[in-house]
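Peer 1: Following the hints, position chains B and C against chain A.
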Amino acid sequence: MPKSVIPFGPQHPVLPEPLQLKLVLQDEKVVEAIPAIGYVHRGLEKLTETKDIQQNIFVVERICGICSFMHALAYCQGIEELMNVQVPDRARYLRVVWGELHRTHSHLLWLGLLADSFGFESLFMQAWRCRERVMDLMEMTAGSRVIISTNTIGGTRRDIDRETLGHIISEVDIIQAELKEFEQVFMYDYTVQHRLRGVGVLTKEDAYKLGAVGPVGRASGLAQDMRSSLRYAAYNELDIEPIVETEGDSYARTMVRIRELHQSADLLHQVYDKIPDGEIAVPVKGFPTGEVISRVEQPRGEVLYYLKANGTKNLERVRVRTPTFANIPPLMHMLPGSLLSDVPVLILCIDPCISCTER
Amino acid sequence: MLENISDINTDQLLSVTQQVDLEGYRFVTASCVDNNNGTLDLIYHYDLDGILKQFRLQVTHETVVPSISRIFYAALLVENEIKELFNVNITGIVIDYGGHLLLSKGAPESPMAYPNQITIERR
Amino acid sequence: MFDMLGTIFKNLFTGPATRMYPTTPRIPMAGARGQLAGIDAELCIYCGLCERKCPSNCIKVDKATKTWTLDPYKCVICNVCVEVCPKKCMTMDEQYRAPVYKKENQVQQQLPKPAEDVVICNTPRIADGE
Numbered sequence: 000m001p002k003s004v005i006p007f008g009p010q011h012p013v014l015p016e017p018l019q020l021k022l023v024l025q026d027e028k029v030v031e032a033i034p035a036i037g038y039v040h041r042g043l044e045k046l047t048e049t050k051d052i053q054q055n056i057f058v059v060e061r062i063c064g065i066c067s068f069m070h071a072l073a074y075c076q077g078i079e080e081l082m083n084v085q086v087p088d089r090a091r092y093l094r095v096v097w098g099e100l101h102r103t104h105s106h107l108l109w110l111g112l113l114a115d116s117f118g119f120e121s122l123f124m125q126a127w128r129c130r131e132r133v134m135d136l137m138e139m140t141a142g143s144r145v146i147i148s149t150n151t152i153g154g155t156r157r158d159i160d161r162e163t164l165g166h167i168i169s170e171v172d173i174i175q176a177e178l179k180e181f182e183q184v185f186m187y188d189y190t191v192q193h194r195l196r197g198v199g200v201l202t203k204e205d206a207y208k209l210g211a212v213g214p215v216g217r218a219s220g221l222a223q224d225m226r227s228s229l230r231y232a233a234y235n236e237l238d239i240e241p242i243v244e245t246e247g248d249s250y251a252r253t254m255v256r257i258r259e260l261h262q263s264a265d266l267l268h269q270v271y272d273k274i275p276d277g278e279i280a281v282p283v284k285g286f287p288t289g290e291v292i293s294r295v296e297q298p299r300g301e302v303l304y305y306l307k308a309n310g311t312k313n314l315e316r317v318r319v320r321t322p323t324f325a326n327i328p329p330l331m332h333m334l335p336g337s338l339l340s341d342v343p344v345l346i347l348c349i350d351p352c353i354s355c356t357e358r
Numbered sequence: 000m001l002e003n004i005s006d007i008n009t010d011q012l013l014s015v016t017q018q019v020d021l022e023g024y025r026f027v028t029a030s031c032v033d034n035n036n037g038t039l040d041l042i043y044h045y046d047l048d049g050i051l052k053q054f055r056l057q058v059t060h061e062t063v064v065p066s067i068s069r070i071f072y073a074a075l076l077v078e079n080e081i082k083e084l085f086n087v088n089i090t091g092i093v094i095d096y097g098g099h100l101l102l103s104k105g106a107p108e109s110p111m112a113y114p115n116q117i118t119i120e121r122r
Numbered sequence: 000m001f002d003m004l005g006t007i008f009k010n011l012f013t014g015p016a017t018r019m020y021p022t023t024p025r026i027p028m029a030g031a032r033g034q035l036a037g038i039d040a041e042l043c044i045y046c047g048l049c050e051r052k053c054p055s056n057c058i059k060v061d062k063a064t065k066t067w068t069l070d071p072y073k074c075v076i077c078n079v080c081v082e083v084c085p086k087k088c089m090t091m092d093e094q095y096r097a098p099v100y101k102k103e104n105q106v107q108q109q110l111p112k113p114a115e116d117v118v119i120c121n122t123p124r125i126a127d128g129e
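Protein chains in written order, with numbering that gives the first Met the number 0: chain A, 0 to 358; chain B, 0 to 122; chain C, 0 to 129.
Derived by calculation from the structure, the hints in this document are not laboratory data.
For every residue, glycine included, the Cβ atom is placed at its ideal position computed from N, Cα and C.
Take these hints with a grain of salt, some might be off.
[Unchecked claim] Listed below are the simulated DSSO-like cross-link pairs for lysine-lysine, each with C-alpha atoms no more than 27 Å apart in a straight line:
#, chain 1, residue 1, chain 2, residue 2
1, C, K59, A, K50
2, A, K50, C, K87
3, A, K45, C, K59
4, A, K50, C, K52
5, A, K312, C, K73
6, B, K52, A, K203
7, B, K52, A, K208
[Unchecked claim] From chain B, some residues computed to sit far from chain A (all C-beta separations above 10 Å):
#, residue
8, S14
9, G37
10, P65
Okay, chain A solo, but in the shape it has when bound (with noise of 0.2 Å):
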């Protein structure tokens, strides 16, 4: 049987980000995937070399829109410990609730996003009504819905008073209700359990091997959450474990990314019990010389930083490796072997960035 190469993408309706899969098919089945990635290529990395310090944080919060908190975050923790400055304790906690409201609204986002790859409109806008509820706890208390630049190297800018902090618990307490009505349809529904069940087998040793990190490498069997290992911001004084299934298909990792909402709403309760009281920044003077690597979690994975400084106010290097970059080489080898329709399906679910892959 002969076969063809179709192009899948860079404009798709199923795609967020332009991304172009060229696929070999034999007979409805995928041979081999090869990806071709570009059109989104802005040169971020070569801007930081000539703004200073602080401007650089707006730089590295644009990388991604969806995870823009995280990017920020890794960036100043980087350069408070090339500069040996101790962040207040309450700028950590403070940290730690914009970084989960963060993950719940990627989480949602994508879910939303999973039910329109298989054509359930009317669950992919309940997703996003849940949403809007978090969009609009972050417009009010960091002042923007979706880039909320309130990290600056020494704590945060601004800060959450108990009453807010209250209001915030209760918005979340009501999302998690909202959550339970359809999660019950991605978990139990007879159609959606035909699409999503069987389809990307990832074992755990290939997961390993090809590096595949986030809520890909745990719906395999992979225990690695940098919030647990490495213990960032507040993260040691809270109560945390990595969230791991083993079949490793996308019902998996559907299953993980909702358990991780779940998650996400205990992390803030636990926050508004032992946030202490205290100042919110500390002055930082001069320049950082060295070079550092930091890691967090993001809601896609684990994102690294490798920063080097030389003693003036630019910075020499800016390297940033995000989770979508470390995903596709697992895409690529989930691919052959599935049907042309479980194509959206499989490209949805290690959940593409491509403006954070391409920098």
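Peer 2: This is chains B and C only, laid out in the frame that chain A set:
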């Protein structure tokens, strides 16, 4: 300074990578830094149980660096990117994009290497 | 298979989840960052701190002609200039800027202070005790 970093040269690269694979490390990424004096630093990062281990390799634009993508398949994208943006001669990558992974045909050649062909305008 | 029936019935009988914009406008929350409204030109001392700290280079300060220029289409509304100003003369408005047909810079210039009326007294001073 980075902890757990050791310096190697191009002959030792493949044997060190095989060794690290047998010990059970996971490939994280590779970084390239231009030292602005004709040499570049290639740093390979590996991870086991949350602890990082690094290897630094100092090369010039003419040094032939063998690819590690036959041992770690996950390295193919980052080696293509380093070859394209910094003009390092990496040979034998499993899928070679020929310099067009991120940059298109009309883009400047190796934009991140020194001397920089790009000026940022301040208007 | 009927897990979503309850949600479907609830959606049929409650109102729409979206707002009827533009008949009902959206009111931004207090403290929201909408657009940089401008400066109070009388208070500004033209020190140039806002120009140096801006991450997107959208403010130009000219001390000789006492002019402050803003390019509002480059501004990323980060609020750093408002926080570092030593005289606190910049304001951040909550409403996002309205669409326009043509992009223009916003220029604010401090007027030269008007000459004060000075009373000149021509009568000789009468010393005390005279």
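Peer 1: Hints first: check each against the structure and report whether it holds.
Peer 2: Status of each hint after checking the structure:
Simply put, C:K59 and A:K50 have alpha-carbon atoms about 17 Å apart, close enough for the 27 Å limit, and the pair holds. The hinted pair formed by A:K50 and C:K87 meets the criterion: a straight-line CA distance of about 25 Å does not exceed 27 Å. Distance hint between A:K45 and C:K59 is fulfilled; the C-alpha atoms sit about 24 Å from each other, no more than 27 Å. Distance hint between A:K50 and C:K52 is fulfilled; the C-alpha atoms sit about 10 Å from each other, no more than 27 Å.
Using a Cα cut-off of 27 Å, the hinted pair A:K312 and C:K73 holds, with the two alpha carbons roughly 23 Å apart. A hinted pair counts as satisfied when its Cα atoms are at most 27 Å apart, and B:K52 with A:K203 qualifies at roughly 22 Å. Distance restraint check for B:K52 and A:K208: the Cα-Cα separation of roughly 17 Å lies within the 27 Å cut-off, and the hinted pair is therefore satisfied. Distance to chain A confirms B:S14 as a non-interface residue, since its nearest Cβ pair spans about 19 Å, more than 10 Å.
Distance to chain A confirms B:G37 as a non-interface residue, since its nearest Cβ pair spans about 16 Å, more than 10 Å. No beta-carbon of chain A comes within 10 Å of the beta-carbon of B:P65; the shortest separation is about 19 Å.
Comparing the model with each numbered hint stated earlier shows that all of them hold.
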